[in-house]
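Novice: Below, each chain spelled out in residue letters.
There are 2 protein chains.
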Amino acid sequence: MTKVDTLIHCRWLAPVEPATTIYEHYSLAIQEGRILDILPTDQANSTYNADIEHSLDRHLLIPGLINAHTHAAMSLLRGLADDLPLHEWLNEHIWPAETRWINEEFVHDGTQLAMAEMLRCGTTCFNDMYFFPDITARAAAHCGMRASIGLIVIDFPTVWARDADEYISKGLAVHDQYRSDPLITTLFAPHAPYTVSDKPLEHIRVLADELDIGIHMHIHETAEEVDKAVELTGKRPLQRLYELGLASPALLAVHMTQLSADDISTYATTGGHVVHCPESNLKLASGFCQAQALVTAGINVALGTDGAASNNDLDMLGEMRTAALLGKAVSNDASALPAHEILRMATINGARALGISNDTGSLIKGKWADITAVCLDTLETQPLYDPVSQLVYASGREQVTDVWVAGQHLLKDRCLTTLDANDIIERAREWKTRIST
Amino acid sequence: MTKVDTLIHCRWLAPVEPATTIYEHYSLAIQEGRILDILPTDQANSTYNADIEHSLDRHLLIPGLINAHTHAAMSLLRGLADDLPLHEWLNEHIWPAETRWINEEFVHDGTQLAMAEMLRCGTTCFNDMYFFPDITARAAAHCGMRASIGLIVIDFPTVWARDADEYISKGLAVHDQYRSDPLITTLFAPHAPYTVSDKPLEHIRVLADELDIGIHMHIHETAEEVDKAVELTGKRPLQRLYELGLASPALLAVHMTQLSADDISTYATTGGHVVHCPESNLKLASGFCQAQALVTAGINVALGTDGAASNNDLDMLGEMRTAALLGKAVSNDASALPAHEILRMATINGARALGISNDTGSLIKGKWADITAVCLDTLETQPLYDPVSQLVYASGREQVTDVWVAGQHLLKDRCLTTLDANDIIERAREWKTRIST
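Quick mapping for you: the protein sequence lines, in order, are chains C and V. All residue numbers for the first sequence refer to this note's numbering, where the first residue is 1 and numbers rise by one. All residue numbers for the second sequence refer to this note's numbering, where the first residue is 1001 and numbers rise by one.
Bound-form chain C, shown alone (with noise of 0.2 Å):
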């Protein structure tokens, strides 16, 4: 018998590794962290014996899930705003509530709240852009959550930095601060082409290259935006940014609602990704991304919130339900983006596009030990005919009951073990109390 950290049995396992392949009754042997061994229990009794052991006889296990687009902190902005055309909403609501209410304490209070909403959905891993990545960072790490930090760039001061130097230089400082952690990686974020002008995308792009990080922008989000472009430059967005060299394996692209077939396959070519961010479209009617297109395509898809203020959930496992059932609709094919499709595109895809997939977003050997266990025997999921049928399109985020992130245990049986969830919720009152008066 081999000892070992933790065992987890389950009844069904999803290892998105090899695709579509289920499991039954299965047993994860997790060793410093580390997914050692994967096999059936009967196997796994026989082999491996362990401090811990869980039996999770009425789940499936997945990857953790990843959310490729969050603005965490935004979650302290959830409701503030809703049901207003997008102008309004950014330039009389967002934008000034940002601008009077954006410290190192809002950050860390609606990064902290984010988090605790987003294990609580089974999500083991956020990609971020936001004010004050440093304070994100940290949250994340001490929370023991996964987190990938855009280190953000906008032509315009904000109270995090003067111009787009001083917005390089200190996400650098991040980057450097960061690059041995093993839960925290970093991203350029220049906003979108609209806030970022070339010579700052230029100097990204040199230094994405010599660090080898990804970049993640905010892409041909809405018409108007293209339309804009065309207007004042005579260029579509992403013809500027292929000008500027910035489409490559690293661009992670942000909604990519305003595609044309041509679009599509030029895209495609580059070897770029896309986030798809279906409920945050919907709401600030953005547009459609023709997201089976794109994967039809051979590009790389994952799957993001955005922030709370457009969605105004970061629940992963309701975007991978409104994905699935969009997608067949913009489709027109009752048959696009199927239920291990989307499992894909809410694990693996996400960590090939923050470049992390050697570590995370499959369960096999070797990868860090990134589980969410959701239990399908509830009355909601019956009858069960096929696991991840029922966890995409009938789970609801409260079947989610354990979160393991690099085998700690951070969502036990619904309860949070790093984040307090009453002093969560108090300060976000308080913070409720101080922007609404």
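Hints in this document: simulated from the structure, not taken from any laboratory. C-beta: ideal position from N, C-alpha, C; glycine also.
Non-contacting residues of chain C with respect to chain V, defined by C-beta distances greater than 12 Å in every case (computed): (1) T41; (2) Q43; (3) N45; (4) P96; (5) H142; (6) I154; (7) L172; (8) K228; (9) T233; (10) G355; (11) N358.
Partial list, derived from the structure: chain V residues whose beta carbon lies under 7 Å from chain C: (12) L1080; (13) A1285; (14) N1312; (15) D1313; (16) L1326; (17) A1334; (18) A1421; (19) A1428.
The hints should help you fit chain V onto chain C, whose structure is shown.
Specialist: Same frame as chain C, now just chain V:
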């Protein structure tokens, strides 16, 4: 002090009538199943005493949700065949399974599973269309849930009836049996224009007039339906229904994804209702219902989940969220279908469509006490700037704690009081075993 049966005190109350109102620290006094009074809690405490008193000081009370289009018993086919083209899904999976398995036991067990799920997501009333409507009616009455039972009519024979005449006569017997039941009402339910010929539709129109009941029908669900009708008859289905005299304030047209601007303005003049089923329309790639355009045209739009085989849940809270998000994208306007409008669609509009708006659909004096309580104190709905925004955009079904129908407490701190959840799950498992072997 006046003695009443029940007093419910709450933090927030959205009565739906008057529109967009939110009361804070209000109470409902319930006597003999009906709302006797609705008033500030401090006044309630000095006016009424009650045998049963509930203090829901972290909760929003709303009228019980009305699911205006279901095939309840199909819950037993939830997830049997997902991600398939519509034709293959129906012809190779759903219809063969129905032909093989539907009987009184199937309808009883499937309806109980559906009602259990619906109560647990805040639904107090459902408008059903399925075979063995007598069994559905009996199950609902026995559970204490409000139901509008569709007297199904189809041209072809099934285990329920041989031909249109028999469907109609068996339907009339169900209508007679429940005509004085306070929970059960009936509607004629000719399945769709393409499955019911002119003669039975004319007969139904005459009977519906005589009995003063409505007509519940799938109409313009897919482009194929419309195209085939034009090919076969030279007429769009709606045109044929107009000529048959079926369009009137008694008609509930379900789906209506294929409508021109002219169709919308013409339908508005008939006074007919539309039941919008956004998730089913997405999942089956049926098309996009122009819900905001229908509302703008003055049409009463209710909301339904459709059956669990094409959704795959019966979660009206989730359906409200999808309707709100999708409505914005489809009308290219982020201010379309705001949260309060969505709450109306899921409550009073449903009651109007079913002809029961004098009895339910809003929390006003004299109506039945059909009430849903949603806890808004969870992490996922913090901070709380607007309770109805948080209800629609951030709440999950798990936040529904209590449900009353006609004053009977059917869901009590998430436990069903008149249905045996364990037994229902056990029977669903047995059906799964039978159906999948």
